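Number of protein chains: 4
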Amino acid sequence: MAIRLAQNSYGKSRVRVFRVARHQDRHDVQELDVAVAFEGDFESVHTLGDNSKVLPTDTMKNTVYALARKHPIGTIEDFCLQLTAHFLQRNPQLWQVQVDATETLWARLAHGDKLQASAFTHAGEEKRIAQVRATRGETVVHSGIANLFVLKTADSAFEGFLRDEYTTLKQDRNRILATLIHADWRYAPGVGNFEALWNGVRKSMIEAFVQHHSLSLQHTLYAMGQAVLGDFESILEIRLSLPNKHFNLVDLAPLGMDNPGEVFVPTEEPHGLIEATLTR
Amino acid sequence: MAIRLAQNSYGKSRVRVFRVARHQDRHDVQELDVAVAFEGDFESVHTLGDNSKVLPTDTMKNTVYALARKHPIGTIEDFCLQLTAHFLQRNPQLWQVQVDATETLWARLAHGDKLQASAFTHAGEEKRIAQVRATRGETVVHSGIANLFVLKTADSAFEGFLRDEYTTLKQDRNRILATLIHADWRYAPGVGNFEALWNGVRKSMIEAFVQHHSLSLQHTLYAMGQAVLGDFESILEIRLSLPNKHFNLVDLAPLGMDNPGEVFVPTEEPHGLIEATLTR
Amino acid sequence: MAIRLAQNSYGKSRVRVFRVARHQDRHDVQELDVAVAFEGDFESVHTLGDNSKVLPTDTMKNTVYALARKHPIGTIEDFCLQLTAHFLQRNPQLWQVQVDATETLWARLAHGDKLQASAFTHAGEEKRIAQVRATRGETVVHSGIANLFVLKTADSAFEGFLRDEYTTLKQDRNRILATLIHADWRYAPGVGNFEALWNGVRKSMIEAFVQHHSLSLQHTLYAMGQAVLGDFESILEIRLSLPNKHFNLVDLAPLGMDNPGEVFVPTEEPHGLIEATLTR
Amino acid sequence: MAIRLAQNSYGKSRVRVFRVARHQDRHDVQELDVAVAFEGDFESVHTLGDNSKVLPTDTMKNTVYALARKHPIGTIEDFCLQLTAHFLQRNPQLWQVQVDATETLWARLAHGDKLQASAFTHAGEEKRIAQVRATRGETVVHSGIANLFVLKTADSAFEGFLRDEYTTLKQDRNRILATLIHADWRYAPGVGNFEALWNGVRKSMIEAFVQHHSLSLQHTLYAMGQAVLGDFESILEIRLSLPNKHFNLVDLAPLGMDNPGEVFVPTEEPHGLIEATLTR
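Residue numbers (this note's numbering), protein chains in the order written: chain A, 1435 to 1714; chain Z, 1435 to 1714; chain W, 1435 to 1714; chain H, 1435 to 1714.
Hints in this document: simulated from the structure, not taken from any laboratory. All of these numbers come straight from a predicted model, not from anything done at the bench.
A pair holds if it fits inside one copy or across any two, identical chains being indistinguishable in the list.
Listed below are the simulated DMTMM-like cross-link pairs for lysine to aspartate or glutamate, each with C-alpha atoms no more than 20 Å apart in a straight line:
{"id": "1", "residue 1": "Lys1487", "residue 2": "Glu1593"}
{"id": "2", "residue 1": "Lys1561", "residue 2": "Asp1512"}
{"id": "3", "residue 1": "Lys1504", "residue 2": "Asp1467"}
{"id": "4", "residue 1": "Lys1679", "residue 2": "Glu1465"}
{"id": "5", "residue 1": "Lys1487", "residue 2": "Glu1473"}
{"id": "6", "residue 1": "Lys1637", "residue 2": "Glu1667"}
{"id": "7", "residue 1": "Lys1487", "residue 2": "Glu1477"}
{"id": "8", "residue 1": "Lys1561", "residue 2": "Glu1709"}
{"id": "9", "residue 1": "Lys1504", "residue 2": "Asp1492"}
{"id": "10", "residue 1": "Lys1561", "residue 2": "Glu1629"}
{"id": "11", "residue 1": "Lys1679", "residue 2": "Asp1462"}
{"id": "12", "residue 1": "Lys1604", "residue 2": "Asp1685"}
{"id": "13", "residue 1": "Lys1487", "residue 2": "Asp1475"}
Working from the sequences, and respecting the hints, build out all of it.
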């Protein structure tokens, strides 16, 4: 049977850029990590080594810098849209351009109570993410949150589960629930105002996590997704990927002590992993 | 519009296990990192917190240990098959079980020329990977290689590419080509003998990389995939994900020196990324 | 010449513990990563395999858990002091015990404006560190900060430096200054009130960084150290280790644009490294 | 009390360089990661911002590239010696130069049985390290090995240790012993032939690990150090830092099975840490 090239793409990843807007009274800064990927009429590149339709990935990198210079700082969603439009317009050989961006969030440092005009620190571990996938006919925008660690010491149980001969887990009415939120959601076509939406979604998710009386991480995931889709009509779909970061209660009985939910061991491996998409 | 649960799964990741087979004359060892994921009739877990069909992820972990004890050391593909069969047989609520395994490869240490019976070291950075996805009707087996760094100092060019106003890259007839191979391939149904096949595919890929006069990384990727599909009829499809690890020639002119392809800077970011699937 | 054992130690590292204090109206939490190291009369362990004086490192780990249960949550400095005292009292074979602790800082999540009683998130990337080194005669307490990223877009220059035939760096009156603060300081004997001191030192260092008109990272390091020693008499010495995280101005001239301090590339390697100790 | 500057240094870290020697019949390659640190007459840099004696760290980086171009590929020890000599000769303000180098080891790829002239792969995870610390009066050369994972499934026990009320560890006559070797040793003044010595030391250490009937990791550490000092008179001192990488026997009794040393869980944390220096 003949061999043929199926799905293929090429691009540049980890293009880092730090932008400074120098206003009269203050500086604003933004840090991005951008990845660009092209799909298109590239069969002969692979089969014949014909590079005539290949815009170098080095040029993709330069284009990220050039557009960062041309456009004022805005949301990462808008920056991804500028990049996909730029590449599609100038490159007829392309069928699809995908741009992913991860934003490292910065906050102003303070001197006493006064926030500084030009001194900054990382706002936390959390990242803001966006993805635009654009073809000649359609543009799909995703936004998201990565690496947001949340934990509850109350209102979390895991009981009534299935048991088999290898089940040793005990029922738990009062466990620690901890996860590293990775969420991404898809907007309806034509949505703008990404800044307000991102902050709103973040708030809805965290409040759902906080309020929810959790019967399992699946149960909490669903409550978080439902809150977002319930609060924001312009969001068509949300995907949550939640590792169950286990905090194991230490058995202190061999040391002659009880342990009424006070001393735990946080662990990295193994971990549960709960993933689901909620849609309309 | 009503909200509904679309694709969802749950499981345990990073279940590590190290197995020792204690033979009369020698020990054999194997190290795995296993991930199990279930899909099935789990809507009410999410919507109602009903755990009655939920086999705990802790039990998945225990099952990995139990099957590692029951079965002798074999290929990771066979171990994944044992796990998927075990879970599907006992859990009617499941529609699909996916097991991924990553093998850390060990080699025997030597004393003088003599390989030791019970002393070992890591064989390298490279990992052997496998994935089995089994439903009630179908079982799909993938194997792969991750993290295999290869580099050529000759027979690699990148010329004749498209230029636009942001293109500054120079043509290069004699560049360093370096990549970190991540390959995975899908077997035809019913294939066994995974050990010989894995070693054969690895050899085909490396020899294609070595032999190929590269006109681009896409060109080399295709040659590697073609070699594998050409050499092994039992492989239906192969996917390669190849970062272009840039080794930049240092411009020594400002230091008063030439640099005829002798001094390079290896870089981590940004990097190119070439991905393609070859199929029949 | 005879071979002899010089400095030696043994211990347990990365003992992780998460503590919950369950008060009527709220929970408090604390996460630590602890390392314990013993020095003492251990020559025969090495030379003869005589373990009779070796308290297992597994017991060190258990002791961390036990003391976390026995004592209420307090500063990491106090916890390190409890551990060193415990081990020295019971183990006459010890000459010195060193305990290092790294605290992952947690903050309360909010629902609307209301901080939650039992829901938390990571406070940031920054870690609080402490070290106690105790012998039969002396106890030395260090505190510190690790992994605190700070950056200035104004008031930083680097000019007037030495040049040789390999110097290509341009003078810069207006560069970005960025570093990842790693500081540790030594207290005078008998100091307590570690909580207020740590917060005070952190504030002094950040304000010095913010205020300082920097002529080099060395210059800023000194200003930071001087601020701390000037503000806190109970601190005898401070050591700062400051990587110079380079943010390189992108040369946009080849793309037909200027770049008046707006578009930079953050880099991980290579980086400068400035280290100094200030003492009295 | 007056504040004063005590120990201080500045330099460039993570200067990466990849060298190719293009011989008629084959290419040779070498990859280094270099760090340079200066100590000297730098008080006024810190206190006054006077940069007149500061050779920029950017120039240190350029110098690494320039010397990599000027000198043929050799051992990393020789390259560190070239760098320290270069900087000391030209910079009277320096009291000491320290250069650390880490070598990523490369091996030739094969086609069939034939080793290739210009195609390579990483030789493993292990790194070769060197350090030269040179003042106006003295030059001290260290070599070492980092990140070499070794493991034994036989001939390792840990028994007869001290117990207290928190000791739960069981005696073990047949445990897995695993560690990640980090060794560095100091040469007598004037030693050359670093290539043969490094290979010899590596062989001595591994053979000692393999042969030794281990009563503890301390006991094995000492045997390894003793072998090196016994075999090589030109080595004055060796320091070993050996994490005890725990492979925990899984308790399968709750799953209705025994486990005669067959199924283990490799763990990352917590881990033991054994460190010692052997000297003459």
